[in-house]
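Asks: Residue strings, one per chain:
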Amino acid sequence: MDLDEAYQAYVNDLYRYLFSLSKEHYTAEDLVQEAFYRAYLHLENEEILNIKAWLFKVAYRVFIDYSRKQKRVVVSEKVGEELQITSPEKKILEKESFRLLLDDIHTLKEQERDIVLLCDLHKMSYQEAADILEMNLNTLKSHLLRGRRKIIAIVQERRKRDDRES
Amino acid sequence: MTENRKDETELYESILNESIQEFEETHSHSEKEQKRIIKKGKNTAIRTNILISLAVLLLIVPVLTLSTYLYYAIGGKANNAIDVAAKTIYVTEPNMSLEEMEIESDIGFFSMSITFDVFKRIGREDYKAGDYEIYFAFDSPSFPERRMLLDRPMQEIPTIDTEWLVHPNASDPIGRSGEWNILKNLPDGTVGEVYLSLTELVEPKELEEKLGKEVQVRWLAVDTGFEEKQVDNEGVPVGVIGYPAQIDSTTWSPFNGREQSNEEVFMDILNLLEKNEETATKIARSKSLVLSERIAYLKEHGTQVYGAVVTGPVPELRKLENNELIRSIKVGEVKLWNWK
Amino acid sequence: MELEITKKRSGITTIIGLLSFLVALVALASLNIGLLLDSDEFPDFFLVRLPMIGLALGVVGLFTKKNSRLYAFWGIGLCLFILLFTFMMFGLAWMINPKP
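Residue numbers (full-length UniProt numbering), protein chains in the order written: chain A, 1 to 166; chain B, 1 to 340; chain C, 1 to 100.
So here's chain A without its partners, still in its complex pose (with noise of 0.2 angstroms):
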């Protein structure tokens, strides 16, 4: 029972991760169940000492795993793709940043996409944010450091676009 709590209270940041990865709701929905699976699926596999970061790094290679098979069945599945186009509720109640940040973020390569979408979005560590990504501790420092400038870069010029327009 007390893993059930300690996982509950990570269903949103999880779903808030696998949302920012993805773009899409249902998408995001139906990994998060997947994370959990597999985290307890492979719970007595593995020693957990942080589960925040390793409920992260699960779910990362749920994604990975869901993109490789996304790529793969592209043509096969394409009426599948229709249906998961975000509710129209949902959009409405959507404001426009947190997912302007997003398609910002997403313009990055995919490993700066991917470390600062931990490091800054999600308010991970250095270290937890190299031990999801399996990476080196350096090499993440100067990925974030260039994917951050990229990211203001972008959002100061679509300020001063949107300055002008107005």
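None of these hints come from the bench; they were simulated from the model.
Some clues are possibly wrong.
Claimed, not checked - List of simulated lysine-lysine pairs, DSS-like, C-alpha gap at most 30 angstroms:
| # | chain 1 | residue 1 | chain 2 | residue 2 |
| --- | --- | --- | --- | --- |
| 1 | B | Lys184 | B | Lys335 |
| 2 | A | Lys123 | B | Lys40 |
| 3 | B | Lys205 | B | Lys340 |
| 4 | B | Lys128 | C | Lys99 |
Note that the coordinates shown come from a computational prediction; the quantities given were computed from them, not determined experimentally.
Following the hints, position chains B and C against chain A.
Replies: Coordinates of chains B and C only, in the frame set by chain A:
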């Protein structure tokens, strides 16, 4: 420049926080939903674990069975074991044969047990003499379980005193004179099986000529150098070894006489048993077969016979008392008249 | 409305993989029973037809995008094993102690 940098960072931070907050407001899951997600994940995991464990458990028996069959089939281990068992009976059990086609094998987990019936020819008919069950763990046999249906079975483990067929130079076991009396007291209308010990070594052909046409020679005990001492070099009693004298026309018998004479088949069998001496020793009654020495002796001296099993009508068997070649006898099985 | 459709889809696709796994397990269980009972006459249905069905379901399950394909893999693996087992046992049993 540094001022600028700081502004940028602050801007970035504020955008981040704003976005996160906005997302939390619009996309958060209720506690009930959180519980549902966790529960579903957990249940799916449990189901998967159960199904996979079940699959692994159910795989145990088929995998073991398959590997057992592979083990016995590859290199013909099972067939070799069956072959050795059958041929050991032919050359170590006087006047005993078996139906090659009726050997049953039952394969368990890395074990096999083979069962077969053995027969004796008494007079003109084959009688079931008993059955054997031999259990093999991997390819090594345990001692066979014998269920004999005989009135006068041979000793399970032979010793010098219990030997039925005796070499001319070995001492005659006591109480042999009474055997002729048994024959005399049997009714004329019966057929019998008699074990003859000879006064000298003879060629197989010579023996048949000297015994006449009224009795049939079934099995020949061959001199291999150990019969005189009756023990091997370590002092373990050595049992008889020999081969059927008549051709067995059933297709699957090794002594079917189609390509080789019985004597040649006998030598082939000895060579086969030598390669599988451990198995053969377990299955034979005698606990020492000393095959390599015996094969060498036979190659040097040729096949000479010191004893034989004959069958025929009791009156004809009585006449053998006057035959000079015969030193002593032992009466085996007696059956009702079936001669012609 | 849309939500329902998505839920349904995911349900069916998971179930095909799961079904393949379950079919394989049933076939495997009956194989066990057959082996443990040591009977010569065992219905072909369990040894050939059922694994075929499981195999087909597993292959279909593989091509569904959503959810884990773990079940489908297991289903296919087990069904192939049973078919291979049946096939090999025929050959091996014939090799051991052959009788015409």
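Asks: The structure should be examined with respect to each hint, and the outcome stated for every one.
Replies: For each hint, the structure was consulted:
1. Lys184(B) to Lys335(B): Satisfied, since the Cα-Cα distance of roughly 15 angstroms is no more than 30 angstroms.
2. Lys123(A) to Lys40(B): 27 angstroms, holds
3. Lys205(B) to Lys340(B): Roughly 24 angstroms separates the two Cα atoms, so the pair holds.
4. Lys128(B) to Lys99(C): 22 angstroms, holds
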